[in-house]
Amino acid sequence: MTALDTVRPRGGFRLPRPGPALRRLGPLGTGAAVLLAAVLATTLLAPVVAPYDPNRPDLFNALAGASPAHLLGGDALGRDVLSRLMWGARTTLSGPLLIIFLSTTIGTTLAITAAWAGGKVDAVVSRLLDVLFAVPGIVFALVAVAVLGPGVPGVVLGLTIAYTPYVARVVRSAALRERQLPYIAAAWVQGRSAVGICVRHLLPNLRPLIVAQSVSALGFAVIDLAAISFLGLGVQPPTADWGLMVKSGLDSATRGQPLEALGAGLLIALVVAAVNILGDRIGREEGELR
Amino acid sequence: MSDTVIEATGLRKEFGTAVAVDDVSLTLERGQSLAVVGESGSGKTTLARMLVGLETPTGGTLRVCGRPRPPGRVSSRERRRRAREMQIVFQDPYSSLDKLQRIGGVIEASLDLHFSLTPGERRKRALELLEAVGLAERHATMLPRQLSGGQRQRVAIARAIAVEPQVLVLDEAVAALDVSIQAQILNLLADIRERSGISYVFISHDLAVVHQISEVALVMSGGRVVERGPTGALLSDPQEEYTKSLRAAVPRPGWKPSRRAVSGSAANGSAASGTAAS
Amino acid sequence: MKIPEVQDKPRDVREDLLDVRGLSVAVRAGRSWRTLVDGVDLAIGGGEAVGLVGESGSGKSMTARALLGLTPPGARVTGDIAFDSDQVTTMNRRALRELRARRVAMVFQDPRAHINPVRSVGDFLTEAMIANLGVAAAEAHARAVRLLADVGIPDGERRLRQYPHELSGGLLQRVMIASVLAVEPDLVLADEPTTALDVTTQSEVMAILDELRRERGMAMLLITHDLALAAATCDRISVMYAGRIVETQPSTTLTATPRHPYTSGLMLSRPSIDTVADRLPVIPGRPVAAFESGEGCAFEPRCGHAKPHCRDLRPPVQDVEGARVACVRAGELTLRGDVDV
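As they're listed, the protein sequences go chains A, B and C. All residue numbers for the first sequence refer to numbering that gives the first Met the number 0, where the first residue is 0 and numbers rise by one. All residue numbers for the second sequence refer to numbering that gives the first Met the number 0, where the first residue is 0 and numbers rise by one. All residue numbers for the third sequence refer to numbering that gives the first Met the number 0, where the first residue is 0 and numbers rise by one.
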């Protein structure tokens, strides 16, 4: 039958993956994706698009309401609220992104190692993850801040530890299921090394799950970091940050300028909602693939 | 070089307190096809997994191609060497392949691991192997989900023979396939054996299939070998009660299902009808 | 897809218990429809056992589901299904429930998936009797013990207290059969009831089903991929391919003189326990579903007897010496059946 087949002008066997399933996100998912894209663009373009220097006080603008010059008015020191929200996106999102990147990497490595090795290694890792999971993330952050002093590095360290089990536990149980499948056994009988099997087979097959899990963890990380900054232990003034702005904005609100707190709070809520919606959609996509 | 490719003596496997395989010995000659017959829980699959190193025997010894395979940790190098002695094909054609790996990639990865070939040679060899199992070049770029069950099982066979092993263990390899596809795969396996002189260990519950593919057979029950011998003689004139009951339960012309599966003159298929009416 | 005209079938004087004409089932796939069952005619008399044999994609299971109104949501079901002269296709939910509860029962391939794992075997068996037949609890319990004895489970009292996970697949399938007997239906639909079981267990379960069915005068539709099993347990066999019935014959004549090339191929390609073929005679290619087949005979691409005109038109069902065959060459071909009968 081969002789009749036309020869394909293709170099290798690998074809590009089918494109991202954006059109399967639905209207809500698309909205969430657009919002997140806009916020991410702002973090990159803040220096260009922000109308004012976010840290330049202007006493004439202190606690001023919305005006054509200052669309969202000024804060207690007269800094432009809109510019601070734009710059604030950077600090507010980069911390959580770093936390999720680190905790996903560490968590996935731990999970796959535990699932593959089984036995004692798995028992130790699982208990460790259980213990970490039982402690609220904010406690780790507070302990880290107590040791390292207030500021972003301590909080990122604490929350990274706190978020590691969030990804690791789910990935571990999925990896345990996956490694039971005959194709893994076949690869083993073929003589492929354990690391080779994990990297070539387990990781790609778990990837959608890992992505879904870390995206939904991102939502929590944004809230946690904002809360810690609100408490004054995370991002330090005068850096613009949504969590901090909610705190200082509350004070301004009692003095007649609610836009700072409202804007920052609303953005936190919207970003978290969008992240969760996306995480949910990716998770559902993953479910359909199975 | 000896012509015995597998020599297993007193193989035993315990899972906790349960004994899955109990004192099983077997030898397999070069080019021979040995069937291991049994029902679920007979230990036949555990035996297969011990042979290819997926389970460590609790007791007994195993020699493959004249070399002992003692239990314990094995270097990657040694595992690759063993892989070139024995390969396995599993029952479920759907989960036997990585769903993200293209068919050509499956075979090429196998070649890449065992032989130093240039990319061009490797690709050419992969296509030869696909052709050898009745697939075409266009299948190479496909993902497993684009193939039927029978085609996937062909890929699993191609992946196994890519390594050029001495022995192929087939664990219920045709059980999940449609009847018309089953016959195709059985013929393919016969062709491969004729061409390459490979030996088979054919694990199956299906006596008719076993009859077609093997010269010698062991019947397992409860982890032990209850009867062994040339397949034809074993099926036409079983000596043990258990083998007789298996034989009697196979639907065939003139057969009637029976509540008492064991019956004396079941071999000619007439005795069972009396019991069904009782 | 054409619905074949109602043929002047030589039917018995008695009304058939189940009379299906021109049944087609299609499911949505994106914007188009995928036909899975294409113009199936099927009749089962009271107390009769009919085998519906086919490979994957043949539509045999979907046919059985359609009979009970169990097609997937959104499926398009056309044609006529008359059960005891009642139209199933137009029944409302309530009537369908009533039909499934009392008249037609189903035995599935995987009993574990169809028996609630957190309820005891006793609950499973007595529930239907109490709810559907209005039997008192104590009476239902006693009846359940008797039913278990009927299906070859002697220690019924103990088994009723057990949970599904404590029972083997073979035992659970017997419990399933007992639950079917409990409502004394007129028709049992058995969908691959023994495929997941060992051969010795298969033999026992089929013997039990066969025996009890005869005693109680229940009709049975046995859906299976195993032609030999159907031949041994059914009065009549219909062979399905690509959503259509290609051949119907009494079991005895079917195995001796198959009239459709597919039936013959299916029989010959199965290895035999008595003889070894040098090479098995194979049917090339793979089984296709109805929506994958072209205008002509769906089996034509795989058929060794095909002629060019087989590709032009769906072969109509014709009578050939007591067989109903959908093959234009059925009259002229002599096909091999089981070699040694």
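The hints are simulated quantities; they were obtained by calculation from the structure and are not laboratory data. Be careful, since some hints might not be right.
[Unchecked claim] Straight line, CA to CA, 20 Å or less: simulated SDA-like cross-link-like pairs of lysine to any residue:
(1) B/Lys-255 x C/Leu-211
(2) B/Lys-98 x A/Leu-202
(3) B/Lys-98 x A/Ala-122
(4) B/Lys-255 x C/Pro-249
(5) B/Lys-255 x C/Gly-151
(6) B/Lys-98 x A/Leu-180
(7) A/Lys-119 x B/Glu-54
[What the hints assert, rightly or not] Pairwise CB distance ranges, derived in the manner of DEER restraints:
(8) C/Gly-46 x B/Glu-163: 25 to 33 Å
(9) A/Ser-172 x B/Gly-40: 23 to 31 Å
(10) B/Arg-124 x A/Ala-268: 52 to 60 Å
(11) A/Pro-135 x C/Ala-94: 51 to 59 Å
(12) A/Val-48 x B/Arg-76: 55 to 63 Å
(13) B/Gly-40 x C/Pro-153: 18 to 26 Å
(14) C/Leu-95 x A/Pro-135: 50 to 58 Å
(15) C/Pro-72 x B/Arg-76: 53 to 61 Å
(16) C/Ala-255 x B/Ala-135: 33 to 41 Å
(17) A/Arg-176 x B/Glu-127: 31 to 39 Å
(18) B/Gly-40 x A/Ala-268: 50 to 58 Å
(19) A/Pro-135 x B/Gly-40: 30 to 38 Å
[Claimed, not checked] Some chain B residues flagged as far from chain A (calculated, every beta-carbon gap over 12 Å):
(20) Thr-26
(21) Arg-29
(22) Ser-220
All residues carry an ideal CB built from backbone N, CA and C; glycine is no exception.
The hints, checked one at a time:
1. B/Lys-255 x C/Leu-211: Judged against 20 Å, a Cα distance of about 15 Å means the pair holds.
2. B/Lys-98 x A/Leu-202: 13 Å, holds
3. B/Lys-98 x A/Ala-122: Measuring from Cα to Cα gives roughly 30 Å; hence the hint is violated.
4. B/Lys-255 x C/Pro-249: Holds: B/Lys-255 and C/Pro-249 sit about 16 Å apart, inside 20 Å.
5. B/Lys-255 x C/Gly-151: 17 Å, holds
6. B/Lys-98 x A/Leu-180: Between B/Lys-98 and A/Leu-180 the Cα gap is close to 11 Å, so the pair holds against 20 Å.
7. A/Lys-119 x B/Glu-54: Roughly 18 Å between the alpha carbons, so the hint for A/Lys-119 and B/Glu-54 holds.
8. C/Gly-46 x B/Glu-163: 25 to 33 Å: 59 Å, violated
9. A/Ser-172 x B/Gly-40: 23 to 31 Å: 27 Å, holds
10. B/Arg-124 x A/Ala-268: 52 to 60 Å: Hint holds: Cβ distance 58 Å, inside 52 to 60 Å.
11. A/Pro-135 x C/Ala-94: 51 to 59 Å: Roughly 56 Å apart at Cβ, these two residues keep to the hinted range, so it holds.
12. A/Val-48 x B/Arg-76: 55 to 63 Å: 59 Å, holds
13. B/Gly-40 x C/Pro-153: 18 to 26 Å: Since B/Gly-40 and C/Pro-153 have Cβ atoms about 22 Å apart, the given range 18 to 26 Å holds.
14. C/Leu-95 x A/Pro-135: 50 to 58 Å: Because 52 Å falls inside the window, the suggested range holds.
15. C/Pro-72 x B/Arg-76: 53 to 61 Å: The hint (53 to 61 Å, Cβ to Cβ) holds, given that C/Pro-72 and B/Arg-76 are roughly 56 Å apart.
16. C/Ala-255 x B/Ala-135: 33 to 41 Å: Holds - the Cβ-Cβ distance for C/Ala-255 and B/Ala-135, about 39 Å, lies within 33 to 41 Å.
17. A/Arg-176 x B/Glu-127: 31 to 39 Å: The hinted range 31 to 39 Å holds for A/Arg-176 and B/Glu-127, with Cβ atoms some 35 Å apart.
18. B/Gly-40 x A/Ala-268: 50 to 58 Å: Given about 57 Å between the Cβ atoms, the range holds.
19. A/Pro-135 x B/Gly-40: 30 to 38 Å: 48 Å, violated
20. Thr-26: Non-interface label on B/Thr-26 holds, nearest chain A Cβ at 21 Å vs cutoff 12 Å.
21. Arg-29: Given a closest Cβ separation of 20 Å, the condition holds.
22. Ser-220: 25 Å, holds
Checked against the numbered hints above, the structure violates hints 3, 8 and 19; every other hint is satisfied.
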